[in-house]
Amino acid sequence: MAEVGNTFPVWERTPGEEVGELDPVTSGLSEQLVQELFAWNVRSHELVFSDAPIENKWDHEKELDQWTREGRSLAKRIEIELGHEIDVNVTYKH
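In short: position in the sequence shown from 1, add 272, done, that's the numbering used here.
The set of hints was computed from the structure by calculation and includes no laboratory data.
Cβ atoms here follow ideal geometry from the backbone N, Cα and C, with glycine treated the same way.
Be careful, since some hints might not be right.
Estimated spans, in silico, between C-beta atoms of each pair [as the list claims (entries may be wrong)]:
#: 1; residue 1: D337; residue 2: E284; range: 22 to 30 Å
#: 2; residue 1: E353; residue 2: E327; range: 16 to 24 Å
#: 3; residue 1: T286; residue 2: K329; range: 38 to 46 Å
#: 4; residue 1: T340; residue 2: T286; range: 22 to 30 Å
Go ahead and model the full structure; you've got the sequences and the hints to work with.
Encoded structure:
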(Lines of atoms letter the chains of each structure in order from A and count residues from 1; the text may use other names and numbers.)
(Lines give C-alpha, C1' and ligand atoms only; values in the text may rest on other atoms or scores of the structure.)
Protein backbone atom coordinates (compact mmCIF):
# COMPACT_ATOMS: atom_id res chain seq x y z
CA MET A 1 0.00 0.00 0.00
CA ALA A 2 1.17 3.49 -0.72
CA GLU A 3 0.93 6.98 0.68
CA VAL A 4 -1.74 8.04 3.13
CA GLY A 5 -4.41 10.63 2.57
CA ASN A 6 -6.28 11.38 -0.62
CA THR A 7 -4.12 9.25 -2.90
CA PHE A 8 -4.54 5.82 -4.42
CA PRO A 9 -3.09 3.46 -1.81
CA VAL A 10 -1.82 0.75 -4.13
CA TRP A 11 1.66 0.55 -5.56
CA GLU A 12 2.86 -1.55 -8.43
CA ARG A 13 6.21 -3.29 -8.48
CA THR A 14 6.89 -5.11 -11.72
CA PRO A 15 10.32 -6.74 -12.17
CA GLY A 16 12.48 -4.63 -14.45
CA GLU A 17 10.21 -1.59 -14.18
CA GLU A 18 10.07 1.43 -11.91
CA VAL A 19 8.07 1.09 -8.68
CA GLY A 20 5.16 3.49 -8.42
CA GLU A 21 1.57 4.15 -7.59
CA LEU A 22 -0.82 1.94 -9.55
CA ASP A 23 -2.94 4.02 -11.91
CA PRO A 24 -6.53 3.49 -10.74
CA VAL A 25 -7.91 4.29 -14.21
CA THR A 26 -5.87 1.66 -16.05
CA SER A 27 -5.47 -0.80 -13.16
CA GLY A 28 -8.27 -3.12 -14.18
CA LEU A 29 -9.94 -2.71 -10.79
CA SER A 30 -13.67 -2.06 -10.55
CA GLU A 31 -14.76 1.52 -9.91
CA GLN A 32 -16.37 0.42 -6.65
CA LEU A 33 -13.14 -1.09 -5.35
CA VAL A 34 -11.14 1.96 -6.44
CA GLN A 35 -13.50 4.24 -4.51
CA GLU A 36 -13.34 2.01 -1.44
CA LEU A 37 -9.54 2.06 -1.57
CA PHE A 38 -9.50 5.86 -1.73
CA ALA A 39 -11.93 6.06 1.22
CA TRP A 40 -9.90 3.52 3.20
CA ASN A 41 -6.74 5.55 2.63
CA VAL A 42 -8.39 8.80 3.74
CA ARG A 43 -9.48 7.00 6.91
CA SER A 44 -5.86 5.97 7.52
CA HIS A 45 -4.90 9.61 7.75
CA GLU A 46 -7.64 10.24 10.29
CA LEU A 47 -6.72 7.21 12.42
CA VAL A 48 -2.96 6.95 12.17
CA PHE A 49 -1.50 10.29 11.22
CA SER A 50 -3.82 12.82 12.80
CA ASP A 51 -2.42 15.31 15.30
CA ALA A 52 -5.74 15.37 17.14
CA PRO A 53 -5.54 14.02 20.69
CA ILE A 54 -6.97 10.55 21.26
CA GLU A 55 -9.89 10.91 23.64
CA ASN A 56 -10.59 7.22 24.17
CA LYS A 57 -7.64 4.90 23.61
CA TRP A 58 -9.86 1.79 23.67
CA ASP A 59 -12.16 3.10 20.91
CA HIS A 60 -9.17 4.26 18.89
CA GLU A 61 -7.56 0.81 19.08
CA LYS A 62 -10.86 -0.79 18.01
CA GLU A 63 -11.13 1.56 15.03
CA LEU A 64 -7.50 0.95 14.08
CA ASP A 65 -8.04 -2.82 14.25
CA GLN A 66 -11.16 -2.52 12.09
CA TRP A 67 -9.25 -0.34 9.59
CA THR A 68 -6.46 -2.95 9.44
CA ARG A 69 -8.93 -5.79 8.82
CA GLU A 70 -10.65 -3.73 6.13
CA GLY A 71 -7.28 -3.16 4.44
CA ARG A 72 -6.60 -6.88 4.33
CA SER A 73 -10.08 -7.48 2.89
CA LEU A 74 -9.48 -4.83 0.22
CA ALA A 75 -6.13 -6.44 -0.63
CA LYS A 76 -7.85 -9.80 -1.09
CA ARG A 77 -10.39 -8.16 -3.40
CA ILE A 78 -7.53 -6.65 -5.45
CA GLU A 79 -6.08 -10.12 -5.84
CA ILE A 80 -9.47 -11.54 -6.88
CA GLU A 81 -10.14 -8.77 -9.41
CA LEU A 82 -6.66 -8.81 -10.96
CA GLY A 83 -6.14 -12.56 -10.79
CA HIS A 84 -4.23 -14.87 -8.54
CA GLU A 85 -1.11 -14.70 -10.74
CA ILE A 86 -0.18 -11.46 -9.02
CA ASP A 87 1.16 -11.13 -5.48
CA VAL A 88 -0.63 -8.68 -3.21
CA ASN A 89 1.46 -7.67 -0.22
CA VAL A 90 0.01 -5.62 2.62
CA THR A 91 2.29 -3.34 4.60
CA TYR A 92 1.20 -0.95 7.33
CA LYS A 93 3.63 1.61 8.66
CA HIS A 94 2.30 3.68 11.53
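Exercise for review: Give me the numbers of the hints this structure contradicts, sorted from smallest to largest.
Suggested key: Going through the list in order, the structure violates hint 2 alone and respects the others.
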